[in-house]
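Whenever a hint applies, use it, and build me the whole structure from the sequences.
Sequence order for the protein chains is A and B.
Just so we're aligned: the first sequence equals residues 1 to 123 in my numbering.
Just so we're aligned: the second sequence equals residues 124 to 448 in my numbering.
Just so you know, the hints here were simulated from the structure itself, not pulled from any lab data.
Mixed in with the good hints, there may be bad ones.
Among chain B residues calculated to face chain A with C-beta under 10 Å, some are [to be verified]:
#	residue
1	V218
2	Q221
3	T224
4	H346
5	L375
6	T377
7	G385
Okay, the calculated beta carbon distance ranges per label pair [said to hold, decoys possible]:
#	chain 1	residue 1	chain 2	residue 2	range
8	A	D10	B	Q431	57 to 67 Å
9	B	E436	A	E119	54 to 64 Å
10	A	E123	B	G419	40 to 50 Å
11	B	R438	A	L26	30 to 40 Å
12	A	G34	B	I309	47 to 57 Å
13	B	A365	A	D10	47 to 57 Å
14	B	D407	A	E123	29 to 39 Å
Here are some chain B residues the structure puts well away from chain A; computed CB gaps all over 12 Å [stated by the list, open to error]:
#	residue
15	S144
16	R150
17	A264
18	N280
19	I309
20	R322
21	R349
Idealized CB from N, CA, C, for every residue including glycine.
Each chain, written out:
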Amino acid sequence: MSVPILKQGDVLIASIQVAQTDAELLALRDRLTGQVGDVRARGVIIDVSALDVMDSFATRTLRAIAYSSRLRGAHTVVVGISPEVAFAMVQLGLELGAVSTALDLDDAIAQLEQHRKNERRRE
Amino acid sequence: MANDLVSEADSAVAREMGLLSEQAVERRLKAVALGSADLARIARARQHILGHIEEYTAGFFGYLGELDDAREFMRNRDAVEQARRLKLEHLIAMVGGQYGTEYVQQRIKLGRLYSRAGLEMRLFLGAFHDLLRRIGATLLANATTEKEAFDDFMSLNKVAFFDIGIIVDVMVFERERVISRQQEAIRELTTPVLQIRDRLLMLPIIGTIDTHRARMLTEGLLHAIRANRARVVVMDVTGVGAVDTKVANHLLQTVSASRLMGATVIVTGLSAEVSQTLVNLGVDLAGLQTIGDLQGGIEEAERLIGYQVFRAEQRPSAPPFPSQV
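As structure tokens, then:
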């Protein structure tokens, strides 16, 4: 099942509802990075709260989405990693690197807002 | 005969100690060098001993009754009564010539009874020695030559040491089990996650951190982060005495896992010695946000969330710094 991508203002929200195959994840990556340019998004939120497994491929793909979105001008926040998934990821040595994380959607939106303010100040 | 006397718990202990296999029992018998010549001598001594077992048992508990240290044990009438019965069976089995798994299970039962009732090992050894002295005296009185009495006694002694080996092992095993149960209790007690402000948690760690505890601690913290929607966690390690590479890695894992859930972790209370150890070990703590003491950590956490704390009389009249957000 392909992941729906919602647009809210200049933020894209992708909520992963069921376990994804590697091919589906790659498709999500391509669609997201494409849409970031199409709608001139400034933020991307990826909700993974429905996932109970996060393997190295998924981690790498999330990282790829975040880095390439940043190159196209959008900041990415990964939302809703459950305690079990977080613990398993740390045990397996999987890292999201510089990708931002937030507890839930509220926090992610607040974080994007904060990020935007910081950028504006820099300008 | 033994099976109906041995409870489920006794068998469980035997299994955990790895004493239920024929090979394990054989190795133990080999350790005391019990051979066929010994079995023949024991069979010869048997008739003399069986006539006196009541007397030996009474002597064993009489001996304990004389000792001040054993008073606590002797006051436990149920235990003493049961031990008396088991001791009688023990003496019969001791000269029975069958030293297999059933015999071992009976010894384990007696050993567990002693340790549950709080009979100290040295007291048991003292009383057992006295028991052997009595048996020796009987053998000496009934044998035709002193040499024969001595040989019979030494063969029986092998069985006695075989018994002591098992009973001591059981008592040590039981004691270790109590200790590990207490450690478990302490572990659970000392990993509270406390909320000190809305969305601000505190995790005071006290004592030593091993892999098991680090895991429980991390799991507890991650669930608390979700339940309290925490944004910042102050992890205080003032109470952690020793930190080595392993412990540091555990701390780093906890911090990374919390970050994956969107929470920032501030580590406080790394003492001068601990931080020097870490530097000497070459542990890379670059990924950690550390602040000297707990107070500083909480102040920093409040700042991150956007709290400003003032004393009531110093409260600024204007709304506090809205422009700073």
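Each hint tested on the structure:
1. Because the closest C-beta pair between V218(B) and chain A is about 58 Å apart, greater than 10 Å, the hint is violated.
2. With 10 Å as the threshold, the beta carbon of Q221(B) stays out of range of chain A, its nearest partner Cβ sitting at about 51 Å, so the hint is violated.
3. The beta carbon of T224(B) is not positioned within 10 Å of any beta carbon in chain A (closest approach about 41 Å), and the interface hint is therefore violated.
4. Because the closest C-beta pair between H346(B) and chain A is about 5 Å apart, less than 10 Å, the hint holds.
5. Here the hint on L375(B) is kept, as its CB sits about 9 Å from the closest CB of chain A, short of 10 Å.
6. Interface restraint check: T377(B) against chain A, minimum CB-CB distance 8 Å, threshold 10 Å, status holds.
7. The interface hint given for G385(B) is met, as the beta carbon of that residue sits about 4 Å from the closest beta carbon of chain A, less than 10 Å.
8. Range check, D10(A) to Q431(B): about 31 Å between beta-carbon atoms, so the 57 to 67 Å window is missed.
9. Take E436(B) and E119(A): their Cβ atoms lie about 39 Å apart, and the range 54 to 64 Å is violated.
10. Range check, E123(A) to G419(B): Cβ separation about 33 Å, and the 40 to 50 Å hint is violated.
11. Between R438(B) and L26(A) the beta carbons are some 56 Å apart, a value that contradicts the proposed interval 30 to 40 Å.
12. In this structure the hint that G34(A) and I309(B) lie 47 to 57 Å apart at CB holds, the actual value being about 56 Å.
13. Checked against the hint of 47 to 57 Å, the pair A365(B) and D10(A) passes, with Cβ atoms roughly 51 Å apart.
14. As the Cβ distance of D407(B) to E123(A) is approximately 34 Å, the hint placing it in 29 to 39 Å holds.
15. Taking the minimum C-beta to C-beta distance to chain A, about 36 Å, the non-interface status of S144(B) holds against the 12 Å cut.
16. The claim that R150(B) is not at the interface with chain A holds, since no C-beta of that chain comes within 12 Å of its own (minimum 39 Å).
17. Its beta-carbon lying about 70 Å from the closest one in chain A, A264(B) satisfies the requirement of being farther than 12 Å from that chain.
18. Separation of N280(B) from chain A is adequate, the least Cβ-Cβ distance of about 54 Å exceeding the 12 Å criterion.
19. With a minimum CB-CB distance of about 23 Å to chain A, I309(B) clears the 12 Å threshold, and the non-interface call stands.
20. With a least CB separation of 9 Å from chain A, R322(B) falls inside the 12 Å interface cut-off, contrary to its annotation.
21. With a least CB separation of 6 Å from chain A, R349(B) falls inside the 12 Å interface cut-off, contrary to its annotation.
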